[in-house]
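J.: The listed protein sequences correspond, in order, to chains G and V. Those letters in the first sequence? Residues 1 to 640, per the working numbering, in order. Those letters in the second sequence? Residues 1 to 241, per the working numbering, in order.
In short, the hints are calculated from the structure, not lab data. Keep in mind that the hints are not guaranteed to be accurate.
Said to hold, decoys possible - Simulated restraints on C-beta separations:
no.	chain 1	residue 1	chain 2	residue 2	range
1	V	S175	G	F84	41 to 51 Å
2	G	T505	V	H116	26 to 36 Å
3	V	S175	G	L526	40 to 50 Å
4	G	S631	V	E182	56 to 66 Å
5	G	I280	V	K198	40 to 50 Å
6	G	N167	V	D131	27 to 37 Å
7	G	E85	V	S175	58 to 68 Å
8	V	H116	G	K2	21 to 31 Å
9	G	L526	V	D131	31 to 41 Å
As the list claims (entries may be wrong) - Partner residues aside, some chain V positions facing chain G, computed with beta carbon under 7 Å:
no.	residue
10	K14
11	I22
12	F32
13	S35
14	G37
15	D42
16	Y72
17	V73
18	R76
19	T96
20	A100
21	S133
22	P159
23	Y161
24	L219
C-beta: ideal position from N, C-alpha, C; glycine also.
As a plain string of letters, each chain reads:
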Amino acid sequence: MKIFYKDLSSRIVGKPSIEDISKRLFQLGHEHEVHDGIFDIEFTPNRGDCLSVNGLLRDLSVFFDLNEDKQLYQEQLNKLEIDFENKFVTGCKKISFLKVDIEEELSQYSGELKDYFENLELNKNNFFTDISNYVAYETGQPTHCYDFNKIGKKIIFEEIDTKYDFNTLLGKKISLNGRNSVFKSNENIINLAGIVGDMSSSCSDKTRSVLIECAYFDPEIISGKAVRYDISSEAAYKFERGVDHNCHENVLRRFLHIIEKHSTIKNIQFFTKKYDELPIKSIKIDVNKINSILGTKLTYDFCIEKLTNLGFYLDGSELCIPSYRNDISNSNDLAEEIARIIGYDNIKPKRFKIDSIKSGNIDEIDSKIKSLLIDNGFYEVINNPFVNNNEGNDLIKIDNPLDVNRNYLRGRLKESLLNNLLYNERRQKDSIKLFEISDIYSFDKITEDFHFKRKIGIIASGRVDKNYKDFSRKIDEKYFAGVLQKISKDINFKFELISRESLDTKIKNKIVYLELNIDEIPKSILDYSSAITKSRPNIIYEPISEFPSSTKDISFSVLNFSNLKELEYKVLNYEHINLKESFVFDFYKNNDKKEIKIGFRFIFQSSMKTMTDNDVNKILDDIIKTALSVSDVAVPGLDY
Amino acid sequence: MSDKKDINEPNIIKVEGSRHPINLTKDRIINFLQSVGFEAIDGPEIESEEYNFDMLNIKESHPARQMHDTFYVEGRSRVLRTHTSPVQIRGMLERTPPLALISGGKVYRKDDDATHLPMFHQIEGICIDKDISFANLKSLIFKIVHELFGEDNQIRFRPSYFPFTEPSAEVDILSKEGKWLEILGCGIVNPIVLKNCKIDHELYSGLAFGLGIERIAMLLYEVNDIREFYKSNLDFLNQFK
Numbered sequence: 001m002k003i004f005y006k007d008l009s010s011r012i013v014g015k016p017s018i019e020d021i022s023k024r025l026f027q028l029g030h031e032h033e034v035h036d037g038i039f040d041i042e043f044t045p046n047r048g049d050c051l052s053v054n055g056l057l058r059d060l061s062v063f064f065d066l067n068e069d070k071q072l073y074q075e076q077l078n079k080l081e082i083d084f085e086n087k088f089v090t091g092c093k094k095i096s097f098l099k100v101d102i103e104e105e106l107s108q109y110s111g112e113l114k115d116y117f118e119n120l121e122l123n124k125n126n127f128f129t130d131i132s133n134y135v136a137y138e139t140g141q142p143t144h145c146y147d148f149n150k151i152g153k154k155i156i157f158e159e160i161d162t163k164y165d166f167n168t169l170l171g172k173k174i175s176l177n178g179r180n181s182v183f184k185s186n187e188n189i190i191n192l193a194g195i196v197g198d199m200s201s202s203c204s205d206k207t208r209s210v211l212i213e214c215a216y217f218d219p220e221i222i223s224g225k226a227v228r229y230d231i232s233s234e235a236a237y238k239f240e241r242g243v244d245h246n247c248h249e250n251v252l253r254r255f256l257h258i259i260e261k262h263s264t265i266k267n268i269q270f271f272t273k274k275y276d277e278l279p280i281k282s283i284k285i286d287v288n289k290i291n292s293i294l295g296t297k298l299t300y301d302f303c304i305e306k307l308t309n310l311g312f313y314l315d316g317s318e319l320c321i322p323s324y325r326n327d328i329s330n331s332n333d334l335a336e337e338i339a340r341i342i343g344y345d346n347i348k349p350k351r352f353k354i355d356s357i358k359s360g361n362i363d364e365i366d367s368k369i370k371s372l373l374i375d376n377g378f379y380e381v382i383n384n385p386f387v388n389n390n391e392g393n394d395l396i397k398i399d400n401p402l403d404v405n406r407n408y409l410r411g412r413l414k415e416s417l418l419n420n421l422l423y424n425e426r427r428q429k430d431s432i433k434l435f436e437i438s439d440i441y442s443f444d445k446i447t448e449d450f451h452f453k454r455k456i457g458i459i460a461s462g463r464v465d466k467n468y469k470d471f472s473r474k475i476d477e478k479y480f481a482g483v484l485q486k487i488s489k490d491i492n493f494k495f496e497l498i499s500r501e502s503l504d505t506k507i508k509n510k511i512v513y514l515e516l517n518i519d520e521i522p523k524s525i526l527d528y529s530s531a532i533t534k535s536r537p538n539i540i541y542e543p544i545s546e547f548p549s550s551t552k553d554i555s556f557s558v559l560n561f562s563n564l565k566e567l568e569y570k571v572l573n574y575e576h577i578n579l580k581e582s583f584v585f586d587f588y589k590n591n592d593k594k595e596i597k598i599g600f601r602f603i604f605q606s607s608m609k610t611m612t613d614n615d616v617n618k619i620l621d622d623i624i625k626t627a628l629s630v631s632d633v634a635v636p637g638l639d640y
Numbered sequence: 001m002s003d004k005k006d007i008n009e010p011n012i013i014k015v016e017g018s019r020h021p022i023n024l025t026k027d028r029i030i031n032f033l034q035s036v037g038f039e040a041i042d043g044p045e046i047e048s049e050e051y052n053f054d055m056l057n058i059k060e061s062h063p064a065r066q067m068h069d070t071f072y073v074e075g076r077s078r079v080l081r082t083h084t085s086p087v088q089i090r091g092m093l094e095r096t097p098p099l100a101l102i103s104g105g106k107v108y109r110k111d112d113d114a115t116h117l118p119m120f121h122q123i124e125g126i127c128i129d130k131d132i133s134f135a136n137l138k139s140l141i142f143k144i145v146h147e148l149f150g151e152d153n154q155i156r157f158r159p160s161y162f163p164f165t166e167p168s169a170e171v172d173i174l175s176k177e178g179k180w181l182e183i184l185g186c187g188i189v190n191p192i193v194l195k196n197c198k199i200d201h202e203l204y205s206g207l208a209f210g211l212g213i214e215r216i217a218m219l220l221y222e223v224n225d226i227r228e229f230y231k232s233n234l235d236f237l238n239q240f241k
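Go ahead and model the full structure; you've got the sequences and the hints to work with.
T.: Shown next, in the form of structure tokens:
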């Protein structure tokens, strides 16, 4: 909600600065940003009472003294004889109507009404609707204005459960469906209660006779309707969060005061009716309990003083809750009020000992199988479970999917992992080993039971590894079996070779896949001891380049065997910002000729651009130069 | 991992894989909390409305229960859990205090844009005992934040609102750039929730907290785009060894 700084400061004694108010708003839990003298505040959903200038001032009054309230219309209000029937009392426990007739054409807006539209850069509608919007901004209570000459003599409030096409006063056509609370007149719906009025009964610039409705709706009947009908409604936002049932007369008198400042009033009539008891809520004040909740040692007098500042008042040992505070019902709520006032950061932390039963690791098998796979070069992935293909009858259907392509929960991990593999192949990866562990759910339509299995999916394709022993070996069932033998030699794992026929790829490598229930993995896995200790501390992610990589191979001849290690060290530890990877992919020792041939593969990639041959060769030249600094090393075929 | 064989042969370097950074972060937090006495528990991702909302004092009219925020399945018979709190409800119903439970896992919300994903991960903890206070909660939160971000990190507590805690707070840390960043929500367990879990709320009180793992991982590893976690890009995953 946007609230203009001056609307707050002008009501506070001493006119505190924008920074002072901002600091206090944060302390009270009203997160906000400040732009051009406007507080854009995100109120928590329990604080409907703060959705107005007055509401926010009530909260700020624990820190600041306030000036007098805004002026109200002071004259007596004559009774309005209205034929109103409330057929849904639980939805509307109190309602008031004010009928006002004005005399002449309207003058320009002045005072707070003018400032409101100018400061917050809002569009005007018509005189009465504009005042209604301003009054809601100032007091928090939404009102709705009907052009009195456009509605029938009888008004009914009721809950309907029929379809109805409704033209909102915003010019949007909506089709009401399901349960809706509405006002009707002459059999027509003239207002979707608490959300938006209809076009036919709405006010215009020509309206001289207005009926202003001011209601207390149960938040439950408003909740979700604005979203359902895709209507942006400030009124609904306020009603959903709860309004003050005790404010009607003051709000309507304020409305009248503003009309009076702009026009000559000919006639005023007022109607109000309470259909159900709206008792004053109270709590037994227990300061020990508040201290026990907060871990503080506050005095009774301190707590009472602060709560009184917020509008609470004592009735014997009972603390009465103001009618606008729908969020307060127990000592914890009061403790929160006190904590906000003293400041959360001012409550001193207090150490404590956790006295509970400790248990083992719930994911021990997951952890061990992960270690085994990671030791063998597999990367863990996590995928979204939403799919569109109903592979079987037992997939779980999402009632309200994000879109038609994501309307089921997956029944297996295979498709997700295959997509991950193909994605990496497209990114020029030639050795891809992935796995995912996830709970997979199913639904038995006959018994209507939900079931789940914790599963692991493992997929791999391409080169076995990036070293000279494994570089030419391709991943196949035999490789897979070798890795998984470490789980158990007795189990015959059922690998699947995924056909590439229907896949959009020219790569021919085998794709090997295995999916297992975690509970099928023998307990012997718990004996597996990982060779990897722990991941590096303080990992900082380096953004991935979207430019293509470039691969270069260089073969060196080493005539003095004892220099091999030095060469290997110098080449593999060569650093350049665009050298992403280097490894030995080929090695041959010819004892007869007393010569070693060693091949290095280098992968280059820039984060700034596509590297040219020239860019790559410059780095390569430097690597070769470094390599040739080792004695008895040469690059066959190159004139270095 | 290197396997030295012959002085005149190159090392056979085997490429290691890596854990997913989200699970890396999750395990780190869970391990720490287990070390201070929390018991790790697990629960289903498909939940009843009763456990996901009602027991946690999230009323029928709460915006979170609307179809636009929560995924409902099989004719609204269940929901995809919107947080890991229902696991704690199950934990509390199965145990008697004192108890300290931690649960982490996938949660789902009907959001899909540059900063929100329909599936993400949370860790939530609850500790119920006699005389647990907001001051105790602050002490624990300081420990967690120091463990994750170091002892020098400046943190602040802001009042917030969660239906299942009262008082409720959000915790921010001060970034290197001098910006406050929200990292977790916490509070004193609402006595209504204790009552729902058959715990004597006059005798016991509790603290609760919840962290979004993606958020923590993004801050720890300086990942700017949440979607990177779920592309399964080897160039990305390779950085978390």
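J.: Please list, smallest to largest, the hint numbers that this structure does not respect.
T.: 1, 5, 6, 12, 13, 19, 24
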